[in-house]
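Visitor: Protein chains in written order, with the UniProt record's numbering: chain A, 1 to 711; chain B, 1 to 711.
Among the hints, a few may not be true.
Since the list gives no way to pick out one identical chain from another, each pair is judged satisfied if it fits inside one copy or across any two copies.
DSSO-like, lysine-lysine: derived pairs with alpha carbons at most 27 Å apart [to be verified]:
1) Lys-491 to Lys-630
2) Lys-95 to Lys-545
3) Lys-616 to Lys-324
4) Lys-430 to Lys-609
5) Lys-324 to Lys-144
6) Lys-545 to Lys-394
7) Lys-610 to Lys-246
8) Lys-263 to Lys-481
9) Lys-609 to Lys-366
10) Lys-202 to Lys-144
11) Lys-481 to Lys-202
Everything labelled a hint here was simulated from the structure, so no lab data went into it. Since the structure is predicted, the reported quantities are computational estimates derived from the model, not experimental observations.
There are 2 protein chains.
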Amino acid sequence: MRFVRALNTCAFSLRRRVISTHFLHCSLLTPYIGAHHFSVSGTMAAVADENSLRRALAQKQSSIDVQGGAVRQLKSSGAAKLDIEAAVQSLNALKLEKASIESQLQAALAGAAGGGSSSASRDAFRQAVVNTLERRLFYIPSFKIYRGVAGLYDYGPPGCSIKSNVLAFWRQHFVLEENMLEVDCPCVTPEVVLKASGHVEKFTDLMVKDEKTGTCYRADHLLKDFCKEKLEKDFSLSAEKAAELKHILAVLDDLSAEQLGAKIKGYGITAPDTKNPLSDPYPFNLMFQTSIGPSGVSPGYMRPETAQGIFVNFRDLYYYNGNKLPFAAAQIGQAFRNEISPRQGLLRVREFTLAEIEHFVDPQDKSHPKFSDVAKLEFLMFPRDDQVSGQCAKKLQLGEAVSRGTVNNETLGYFIGRVYLFLTRLGIDKDRLRFRQHLANEMAHYAADCWDAEIESSYGWIECVGIADRSAYDLRAHSEKSSVALVAQEKFSEPREVEAMEEKVAMEMKADLESKGEVEFHACTLGKNVTIKKNMVSISKEIKKEHQRVFTPSVIEPSFGIGRIIYCLYEHSFYTRPSKAGDEQLNVFSFPPLVAPIKCTVFPLVQNKKYEEVAKLISKSLTAAGISHKIDITGTSIGKRYARTDELGVPFAITVDSTSSVTVRERDSKDQVRVDVEKVASVVREVTDGLSSWADVLKMYPLHSSETAEE
Amino acid sequence: MRFVRALNTCAFSLRRRVISTHFLHCSLLTPYIGAHHFSVSGTMAAVADENSLRRALAQKQSSIDVQGGAVRQLKSSGAAKLDIEAAVQSLNALKLEKASIESQLQAALAGAAGGGSSSASRDAFRQAVVNTLERRLFYIPSFKIYRGVAGLYDYGPPGCSIKSNVLAFWRQHFVLEENMLEVDCPCVTPEVVLKASGHVEKFTDLMVKDEKTGTCYRADHLLKDFCKEKLEKDFSLSAEKAAELKHILAVLDDLSAEQLGAKIKGYGITAPDTKNPLSDPYPFNLMFQTSIGPSGVSPGYMRPETAQGIFVNFRDLYYYNGNKLPFAAAQIGQAFRNEISPRQGLLRVREFTLAEIEHFVDPQDKSHPKFSDVAKLEFLMFPRDDQVSGQCAKKLQLGEAVSRGTVNNETLGYFIGRVYLFLTRLGIDKDRLRFRQHLANEMAHYAADCWDAEIESSYGWIECVGIADRSAYDLRAHSEKSSVALVAQEKFSEPREVEAMEEKVAMEMKADLESKGEVEFHACTLGKNVTIKKNMVSISKEIKKEHQRVFTPSVIEPSFGIGRIIYCLYEHSFYTRPSKAGDEQLNVFSFPPLVAPIKCTVFPLVQNKKYEEVAKLISKSLTAAGISHKIDITGTSIGKRYARTDELGVPFAITVDSTSSVTVRERDSKDQVRVDVEKVASVVREVTDGLSSWADVLKMYPLHSSETAEE
């Protein structure tokens, strides 16, 4: 059984923002997270099933109507009691049959919506994760004592620590290993920059207002909710009507303001909270606006992404890199989107951390010297064609995907591979991670290719990293607006003969200029047509030698939604297991040491001066080894203390039960070994730094199984 | 010779913001960086000197007037040629004497303004630093291709790397070593939070507008500029007038809008750019305002500091800490101030990174268990009394400063010590770092004590860290506004007998209630008076046992302006030295390895496949050792390549001049040692991690002095 929303819905659900921002640079453009691109095997059958059930239901209802009429007629005509009873029995049998079909339909709908697991169990799982996260302060709704603000969340202590670990690893994995040029630009951005990028004009969602209270809603959300509710709960819906609503869901993100407005009016959709009538849909810009300086004449915005700060610095960065391509710049920082009505918890927020890379390359050479390092990787990929033909994501070898042209070029492929390594090393389950290629209609017209790293969560498949080859669009846009050339040069080792135009074309132009006095000319450096007048040019034939080529670089952009990655990591790391007594379920986050908020806890087994001294000694050596840790000297039972740190995802616990040696426990296996006090910090350092594995530790140190230290 | 602005000026120059934000929590309240609190020895003499020179000048002028009159009279009366010549000679002699006094005055003024070095040489030094910083992309004026925005700067690659090193060390030094609870809250903040904190009402500067063009200026800046200009350049100023202008400078920050306006009108000050008349001064709120959500009814601001996010989370954090005091929470993040007209480069900006700590303690016990770790530290301190009595900052031992009561309490003292260690380990010169205590009139009424870490730069002494004991003010403000109790409990080991009121007071109140029917009562939990009516209370005598004490914790707040610290570090690390040929001055940043943007460069001595292979091998081992580095394979001379990395502050350079061993050069000494290829990464790691010093390396490896590898 699979989700009811068929492939088309999925593919198109990303499109509103793409349409409204068609000419935009918008990394992680689409905070829309309901976009479930599921493998569709089974979906077809489910849809067929649903349709036939809806038809059967309609037939059954009409049989009931007929039989009900018959019963009434028999009664009014004073028919024999037995005859009436027999007719009533038939009627009841029909009603029972209808009820049975209804529950089949309900099951079919629930099953289709539930993927592998039922919708209810996914919700329960999410609730368990979120409860644990909130109770242990992984996150806190911001300004909670003032009843909060939708779409704003704080990272509490363990969340903050995980975030800083993820960012440190990102810096290590991308910036340091690839020698990227990191920059750090302000969030406050003057209007001119975001006019050039297109955000001022086009970074919008369509909104409707409650005509009486003024409350705002996203127009597409209301229509979507209406359709889904009808499809899921209205059993009297005809198969035809159901198909109509499904079609709307499929094309939802393609609808214009007018079309959306007509549908909302047509279905009589009103404000969900008040049932008041709604305004026509109109665009609302998603940027937080402000004013720079006191005069009120310099509008500014809080940046909706970090990338523009890199583009406007291209010239300086290119110079810094010795005027050589390729090179990459990177930025980590806050971005802001004033969502109309954020609704999906930690995944759809108004302020978030982005980590973006802009890798500038010569458009004529997108090979990558280190591609061979990742070419052998195999993971789930979901190319455009497979989506259109209704197939599943499947394992492909990256090298083959590039050589077959599935992935446009080596550099794009290299980053896909690096992103795969980054996410899986963080602890993302490789079987719930896929790279989905954008459909042709999802991509901006200038983009060469685009792949999203999508992670499966209880909300469905979530776009967490976008990896796009955006060609020369962004640099050209800023070049044009600022009149500063954002270009690169290739110096030829030997001068090359060039002709500016083909001879034939030049001769034609000359003739046209003579006869008409002017001519249209496509200026490729401007990317548009200009009118050339006779007195502006002279056309002559000569052979020229050029010593360099001047061009606008292409940019390949991996863009990471850090908060989304962390949320998915929470879901992938969470599990429960029974307590030793079996009377309760205990929560565990199986974070790898790399991201765990604290690497190690130190517990004196019982409250005791000597043990506490040892604990402090160990704490000092852990600090010296750079291992974040915590001492817990409360008198709580050791089992409870283990459970408490398992719930924070602390991978190792040191229990002090003597003054010479201590035990080290691994979180997931619950195995314990005995290690000398002097050695314990270096053992923990080795396993947290990944220099040795827990299996290695098990080989080197004696297993400990004292009952006292057991849970 | 010392600065012309006397102590009073200095002490008061911080006050505008303090006044306008008297009830505010405002860490690093005062981005005003012109506040030069210089040691004043010599100042008195300089002022006396200046006054007597001004008087002498006035006398000389009147002698000149008299003598000039005499000359004219002699001429008109047809006196003897010799007599006229003699009189003219006297007149010229007087004019020469006047010129001499003028230049003495000029020298006196310049000397007073220049501290130890002349104003011109400080400006030249700053220009050399800033030129290097901008040319090597330590920073970039933001949105430069669009001609930038005042007060917004990007960190370019080396600056970004230094910033991330400084923040990583901050996290290590404070958060990890002290087990602080780090949080990460949004920048977008709803109005209610900043109303509670007082920022909406009082976080303002006084502004005047050019009445014709609308251009805005800070009112106090215009008045200050006028006074300084007059004092420095108008030699005809009488000593009395000069004293008047100096008095204005001294009380500038105490002036009300009306007083400022009257002075501006009185002196006929006009708009600097147009000479147009100016409006009356009026307050301008320094927060960037925006709107949360689409309805336009939820005003919000970009936070002016990070601390509020911690205060509103107090209850959860206290719970997370096991309901125990003391504990500290910390936050690193962006803060925003919409300055009216930012003018001091990298020190006065509209968006900046703050790192703030809120350490919550029982107001009855501000001792600190680790105070002994810092008690022996000695450094420059500048207590309130020494400022008032005109003395210099002097070296004090921290333990004594606390035990004598100069520093209010151990916890405040502990943080002062930790801040000292933090700054000096980063590379701040300890002789140009002092801790200045706030004067009584600089502090908010509720504050118990406050010390600023000030760093001397070419702009004077800059407030870079504020360390304040803010008592219970902030938690109380949010408690009141949100109606959520932000309190702590102390559980008594044995119940204690308490009386809610003194018996006498209670009996008086009872009598008042009987006679008047109501009575005023100071409710200490609310911090204000309430009216109690007869039917609201009954007064009886009983002895009650309490099991706990409920109270609002005090907060001690170290607040770090990261950008300012980094800028001062740039100035303290910069020096020049002649090139080997002696034909130019080369720039060097002597960053310690801890903060250096890149730890090591790798140079093949000459362009050569074999050497490049070795360089790549070394690069790999450096990456594995976690050492950030760069390979430079350009054919430039080795001396030029060294100079290039010295200018980035790279502490070590590896030069590949054979395939078996290489040289390692230390930046400041220019010493080189020869090390085996296999060992070189670990040697560099040892010195960059601080496990061994360069002196240790010199002892272990042979010195290299080949001419080829020399600069």
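Visitor: Look at each hint and say if it fits the structure.
Guide: Checked hints:
Proximity of Lys-491 to Lys-630 under the C-alpha cut-off of 27 Å is restricted to the inter-copy arrangement: shortest distance 24 Å between copies versus 58 Å within a copy. Neither within a single protomer nor between protomers do Lys-95 and Lys-545 lie at most 27 Å apart by alpha-carbon distance, with minima of 89 Å and 71 Å respectively. Taking the shortest Cα distances, Lys-616 and Lys-324 sit within 27 Å of each other only across copies (19 Å), while inside one copy they are farther apart (53 Å). In this homomeric assembly, Lys-430 and Lys-609 never come within 27 Å of each other (Cα to Cα): the closest approach is 47 Å inside a single copy and 40 Å across copies.
Only between protomers do Lys-324 and Lys-144 lie at most 27 Å apart by alpha-carbon distance; the minimum there is 21 Å, versus 50 Å within a single protomer. In this assembly of identical chains, the alpha carbons of Lys-545 and Lys-394 never lie at most 27 Å apart, being 51 Å within a copy and 71 Å across copies at closest. In the homo-oligomer, the alpha carbons of Lys-610 and Lys-246 never lie at most 27 Å apart, since the shortest distance is 70 Å inside one protomer and 66 Å across protomers. Taking identical chains as interchangeable, the C-alpha atoms of Lys-263 and Lys-481 are never at most 27 Å apart, the minima being 39 Å within one chain and 45 Å between chains.
Taking the closest pair of Cα atoms, Lys-609 and Lys-366 come within 27 Å of each other only across two copies (25 Å); inside a single copy the shortest separation is 65 Å, beyond that limit. Proximity of Lys-202 to Lys-144 under the C-alpha cut-off of 27 Å is restricted to the inter-copy arrangement: shortest distance 24 Å between copies versus 33 Å within a copy. In this homomeric assembly, Lys-481 and Lys-202 come within 27 Å of each other (Cα to Cα) only inside a single copy, at 17 Å, whereas the closest approach across copies is 39 Å.
The earlier numbered hints that this structure contradicts are 2, 4, 6, 7, 8.
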